[in-house]
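Okay, here's what each chain looks like letter by letter:
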Amino acid sequence: MTPFLQVMVCSGDGAHTGCTTLIIDLCGKQGIQIYPKSAKGCTDLLRWPQISTCRSPELETFSCYWTDGNFYNLTAPGTIQLLYMKRNDEDWKECPDYITAGENSCYFNTSYTSIWIPYCVKLANKDEVFDEKCFSVDEIVLPDPPVHLNWTLLNTSQTGIHGDIQVRWDPPPTADVQKGWITLEYELQYKEVNETKWKELEPRLSTMVPLYSLKMGRDYEIRVRSRQRTSEKFGEFSEVLYVSFSQTGIEFVHCAEEIEFPWFLVVIFGACGLAVTVIFILLSKQPRIKMLIFPPVPVPKIKGIDPDLLKKGKLDEVNSILASHDSYKSQLYNDDLWVEFIELDIEDPDEKNRVSDTDRLLSEGHLKSHSCLGAKDDDSGRASCCEPDIPETDFSASDTCDAISDIDQFKKGTEKEEDLLCLDRRDNDESLPTLANTDTQRPHTSTQSQNSQPWPPFADSIDLASPSVHTQLSNQNSLTNTDFYAQVSDITPAGSVVLSPGQKSKVGRAKCEGCTRQNFTMDSAYFCEADVKKCIAVTSHEEYEPHVQEQSCNEDAYFTAESLTTTGVNLGTSTAETPNSEMPVPDYTSIHIVHSPQGLVLNATAVPVPDKEFNVSCGYVSTDQLNKIMP
Amino acid sequence: MAPARAAGRAGAAAALALLWLLVCAPRNAGSRLLTVADLFDRVIRHSGRIHSLSTALYAELEKHFPPRDNELGKPARKCHTSGMLTPNGKEYAQKIPREELTHLILKLLQAWKEPLSHFNQHIEHHQELPDDSLSKAKQISNMVHELKTGVEKVTEKMQSMGIISNSLNGMASSEATGLSISNEANMMSDSDFIHCFRRDSNKVQSYLKILKCRIMPESSC
Chain S
216 MTPFLQVMVC
226 SGDGAHTGCT
236 TLIIDLCGKQ
246 GIQIYPKSAK
256 GCTDLLRWPQ
266 ISTCRSPELE
276 TFSCYWTDGN
286 FYNLTAPGTI
296 QLLYMKRNDE
306 DWKECPDYIT
316 AGENSCYFNT
326 SYTSIWIPYC
336 VKLANKDEVF
346 DEKCFSVDEI
356 VLPDPPVHLN
366 WTLLNTSQTG
376 IHGDIQVRWD
386 PPPTADVQKG
396 WITLEYELQY
406 KEVNETKWKE
416 LEPRLSTMVP
426 LYSLKMGRDY
436 EIRVRSRQRT
446 SEKFGEFSEV
456 LYVSFSQTGI
466 EFVHCAEEIE
476 FPWFLVVIFG
486 ACGLAVTVIF
496 ILLSKQPRIK
506 MLIFPPVPVP
516 KIKGIDPDLL
526 KKGKLDEVNS
536 ILASHDSYKS
546 QLYNDDLWVE
556 FIELDIEDPD
566 EKNRVSDTDR
576 LLSEGHLKSH
586 SCLGAKDDDS
596 GRASCCEPDI
606 PETDFSASDT
616 CDAISDIDQF
626 KKGTEKEEDL
636 LCLDRRDNDE
646 SLPTLANTDT
656 QRPHTSTQSQ
666 NSQPWPPFAD
676 SIDLASPSVH
686 TQLSNQNSLT
696 NTDFYAQVSD
706 ITPAGSVVLS
716 PGQKSKVGRA
726 KCEGCTRQNF
736 TMDSAYFCEA
746 DVKKCIAVTS
756 HEEYEPHVQE
766 QSCNEDAYFT
776 AESLTTTGVN
786 LGTSTAETPN
796 SEMPVPDYTS
806 IHIVHSPQGL
816 VLNATAVPVP
826 DKEFNVSCGY
836 VSTDQLNKIM
846 P
Chain L
10 MAPARAAGRA
20 GAAAALALLW
30 LLVCAPRNAG
40 SRLLTVADLF
50 DRVIRHSGRI
60 HSLSTALYAE
70 LEKHFPPRDN
80 ELGKPARKCH
90 TSGMLTPNGK
100 EYAQKIPREE
110 LTHLILKLLQ
120 AWKEPLSHFN
130 QHIEHHQELP
140 DDSLSKAKQI
150 SNMVHELKTG
160 VEKVTEKMQS
170 MGIISNSLNG
180 MASSEATGLS
190 ISNEANMMSD
200 SDFIHCFRRD
210 SNKVQSYLKI
220 LKCRIMPESS
230 C
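Read top to bottom, the protein sequences are chains S and L. Numbering of the first sequence is given in this note's numbering, commencing with residue 216 and proceeding in unit increments. Numbering of the second sequence is given in this note's numbering, commencing with residue 10 and proceeding in unit increments.
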């Protein structure tokens, strides 16, 4: 507590003297303050008269209000005056009207009010000044509350639970809004009857406001207040408007709780339904549905080849299947580019070596047409390749599946068919042109497709030749068994193994297409270098004279699919040799590398490398390089 | 006070639109009156924005330069436009002739043009003021210029339509008054200066409202 004096004040005449103790606070907030010392402590403050507020409701008049304080009771009561002075005046004038605005107030009417002029008012009695205040009338504008609040129903929701209302009111009557002398902003507040917190809307200039989505089962309270547009203080609130929907006679639903969307139930039932559906599908016996929803994961398998077959060692059957595969493929490769790779089962290399290729090949007398063998195997991924209703074991049925046309298969076929082809060509000159033409046409597509995919569907160029070849071959069945194919001379990139005849074929092959066949028009053909070498080697031993476009074929001419495709005319010209049937052919019987799915690379016992440019490692060379190799 | 700034820019656009309207107003007499009322609305809105901006700027300046301790004493503010005789109440504004009211408006605007530009240059050296305040001051200066142009155009239109007489050729006098006043303006402190301007912008807005009311034939102004 600040320094203070304690005095005792007694008043009255001798007989009746009353004394009180006062505490004089010399450093009070408003100067010297006197507190009556009482048992309660310093709670009874002696309040000075103060000007509490001066306000103008409409920018035309203003009033000032003050508080008395309890000073009166203790000292000689004097009269409190309010004096005012305008900026231009010389001295203070007294308040013109003490009555109109109520007690302890001073009202200045329009004649005494000047806007935009600084005023000063002070509260004083004769001797002392209690309070003083300076302001300008345009700064103390505090409008009256709006009047005549009412509401109308705009619309109700379909459920009848919520409704929109429009609240309207009039501006305070004192404010001259019509002439625009004063511009007012309004703020509306509303709440439910049993709530404690008011919801506010933003201040706006219009005198009507829609309230959306009020619950029709509840009652609301609304109140509005206003302020001058550029000031911050709001005036008093208007009277509270009660909104009760039952009074308007509107039927509304007594809802204890609001109906909310049962998200929880939806989720639960949805999950259950989904689980039931999945279980049903899994347990369903219908393979179609099951296949549709849970498609079988493709297992790499060769169409038509039953792994059991290979395991059991029935290579004859396998070979026959493959051969028939090729021949039948010839009919279809025009339409279809999808090829299947034949991956030789290398788990039994002994088996391969055991049975000579020749025997295997010779066992097949003619080409068989076959159907899509893949249908036999349900687990094979290629099952999707075939139409589901392909008979499973009918290999001789027409193949509705995409033809398997790769170099390998054609090669395999052509191994036996080499003679046939040659024979055919010899016999049927017309077939060869077609062969040539188709060959030249096809390489692009085949090789390109080869390169693009790891499991590339490609139509070998040779496949093009197949149709003609097929017909030729079928006609020349009798000539098939003249050659002895004992050595694998080539492995095509596609993976088919081309066997070379161990002996010179007796049948003349005037028009065999060997490595001379193809010029390297295939842009992106990639061939195994070893294959290329083999082809080169092969062609070096070719017994025919390859021509650019002649279909001359040496007697010993055997052509691998590769030779047909890779060895072009270039090759042929350089390696023109007299048919040399006595020259030993490299014996490709040991598997060197398996380029799955490209095929096997068989090691040659003695393979002359015509071109030292290539590495021995079996990389892949492009056709252009191949062209370079083969002069 | 981004909305105020945006409002200022919108006000500039409104002033331009106002000028366009003045130029391209239709010749129909009936619609001419409406057009004048429309123009007045735009000008009044523009002045309202100026007033809002100046109020905000004054609040910011008060925050940065605390007011003097002597609050109870007389306000030391003496605006340079205090010497101008302007109606200080609604009744007076309604009583004086329209031409005089228009003239007063223009005079007020002219009186503040130069001091505002001086003020702008002056407060740019104040490092402690935020950029917001500086931009407001600049905006106010521009808007006052636009408002003056707008009011001049409205005046010309009213004169051409015969609403007010052509006795308002005292533009030169207002210019002279403005020049003499501006010297006093340099003496004031920044917040006092803005306080004065705020009051005068309120004056201008109120006068424009009354003037518009008086021009409308059916009103009771």
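It should be emphasised that the hints constitute simulated quantities derived from the structure, not laboratory data. Just so you know, these numbers come straight off a predicted model, no measurement behind them. A hint or two may mislead.
As the list claims (entries may be wrong) - Straight-line Cα separation of at most 25 Å, SDA-like style, residue types lysine to any residue; simulated pairs: (1) S:Lys308 to L:Ser91; (2) S:Lys394 to L:Leu115; (3) L:Lys87 to S:Lys394; (4) L:Lys147 to L:Ser229.
Distance restraint between Lys87 (chain L) and Lys394 (chain S), which requires alpha-carbon spacing of 25 Å or less: Measuring from Cα to Cα gives roughly 30 Å; hence the hint is violated.
25 Å Cα cutoff - pair Lys308 (chain S), Ser91 (chain L): holds, 22 Å
25 Å Cα cutoff - pair Lys394 (chain S), Leu115 (chain L): The given pair, whose Cα atoms are some 21 Å apart, holds under the 25 Å limit.
Restraint status (C-alpha distance of Lys147 (chain L) to Ser229 (chain L) at most 25 Å): violated, 38 Å
When each numbered hint is compared with the structure, violations occur for hints 3, 4.
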